[in-house]
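A.B. asks: Take a look at the letters that make up each chain.
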Amino acid sequence: MADATVEAALTRVAREESGRVLALLARRFGDVDLADESVQDALVEAARVWPVQGVPANPPGWLLTVAKHKAIDRLRRAASAQRRTMAAARDMAVEDVAFEDGAGGDEMIDDEQPMADDRLRLVLLCCHPALDRDAQVALTLRMVGGLTTPEIASAFLVPEATLAQRIVRAKRKIRDAGIPLSIPTDLDGRVDAVLAVLYLIFNEGYLTRSDRDVVVRVDLVDEAVRLTASLAELLPDHAEVDGLLALEMFHRSRLSTRTDALGDLVLLEQQDRTRWDLESIGRANAVLHRAMRRMQPGPYQLQAIIAGHHANARTAGDTDWSAIAGLYRQLVAVTPSPVVRLNHAVAVAMADGPHAGLAMLDDLEARGGLDGLERYHLLHATRAELLLRAGRPDDAKRAFALARATAVAPAEQRHLDRRLAALD
Amino acid sequence: MEYMILINSDENYESPAPGTPEFEAMMAPWMAFNQRLIDGGHWIAGASLQPTMTATTVHKRGDAGHTVTDGPYAESKEQMGGFYLVRAADLDEAIELALALPMAAASIEVRPVAFRPDAA
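Sequences listed follow chains F and X, in order. Under the working numbering, read the first sequence as residues 1 to 424, first letter to last. Under the working numbering, read the second sequence as residues 1 to 120, first letter to last.
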């Protein structure tokens, strides 16, 4: 029982506090790598000491103090290795004083405004465009989200050594290329990059969940929602952050009905809506409402409104498909990707019948609007479903076979096998 | 920090002849950009290069000796046409300077300087 309490306290301080501590140390020392390593050292120390001595009264204060000393230890070791012990010791003394002066222990928690800026700088740094997308994801989860390297590696199904190397390389680029911890003048553009990273983390958790044979300790869906909610606190004037948060919460509310007991996909219209998380839908509605009051439309809000139409429809038949088709038309105007166009055609088919959807797909294909989707099973599966509804089972069968040939995920392959079998 | 800004662009365009008003019009924004670098304390060095048809590549191959060949190191649509060596607070400032180059289309590589023997 006591072990479980300590374990929970360790996880909580890692997830909820270590990012704050790291952000503060990164600014104080002007060295992100040092801050990251020191926080990791402190977490290791907590895992060693807390089960014996008990959880301290103020875990974040404990973490800050220990991480700070770990950082100073690391600097001292580095300094003596470079035979600059004397000069370094003098600097350390100054650094120590600066730390005790107002930012030690409990006081950091009261220091909310500068802390918020530190946390924003840190997340912007992790998602800096000079880093590649994989590195942005890994750094965000580790430095902002407080996940360990093994946790991130297992969540993304990559070898731990690969992920560790990715983080080392990214931190080296931050240091050597001089990527700053700062709040840029072009904040909107940089926030877009952060949102893309958070949505990617969310989708990784959302889309791959059904394929897992192993129990994963880290739930990327929950981590993405938590990180997005915390970004929304830091950027209360950015409607798109709330847009993404609402979108994630709508999707999460029906996560448990997305697959059946065998891990197979269940289509939206066949899902058991009584098992959708109504409380989560209510919260998502409120967040979306808050976003839309700011009158700054954007692609995440549009997608959230669409997800909200589905989440708030009591039965599949209640879905307002013509409203959704209109929203997709707006979304195509902002983000004209082939996948968005495909979804638009689906909505049009639902609103105006399969012939309208098929005509739209043919037209898009003729104009190159779906280029790049030839190897995407959903294009063929969508066409197959529409052909079936249009009373053309032979054409549908051919399209299902194409979809089956391009599907990668086992759950999707099983689903398409069943559709094909039903046509025999 | 110090950064090398390497400017790669399509070199197949007709440049106006020096001395013409068109040439002056083309150069004016570059002069302004150079002045901005000087006034902001960013300037270390910069140069515009002759087109790659003037380039010669020297390959040294260890014990296998060396060859001297006509042309640039790599043939591609965009070629390095010039560079700036600048002083900037951090990568964001260096990127800002790169974006301020008076060019509509170019691929600009920004790299920190590791070591410069003539640095102060």
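A couple of the hints might just be wrong.
Here are the simulated distance ranges between beta carbons [what the hints assert, rightly or not]:
hint, chain 1, residue 1, chain 2, residue 2, range
1, X, A74, F, Q296, 41 to 51 Å
2, F, D371, X, P29, 35 to 45 Å
3, F, D134, X, K77, 23 to 33 Å
4, F, P150, X, A74, 35 to 45 Å
5, X, A74, F, R367, 29 to 39 Å
6, X, M103, F, D117, 27 to 37 Å
7, X, M103, F, R314, 31 to 41 Å
8, X, E96, F, L157, 53 to 63 Å
9, F, D176, X, K77, 26 to 36 Å
Residues of chain F placed beyond 10 Å of chain X at every Cβ, according to the derived structure [unchecked claim]:
hint, residue
10, E160
11, A161
12, A177
13, I179
14, P184
15, A333
To be clear, the hints were calculated from the coordinates, so they are not data collected in a lab. For every residue, glycine included, the Cβ atom is placed at its ideal position computed from N, Cα and C.
A.B. asks: Kindly indicate which numbered hints from before are broken by the structure, ordering the numbers from low to high.
C.D. replies: Hints 7, 8, 12, 13 and 14 are the ones this structure does not satisfy, whereas the remaining hints hold.
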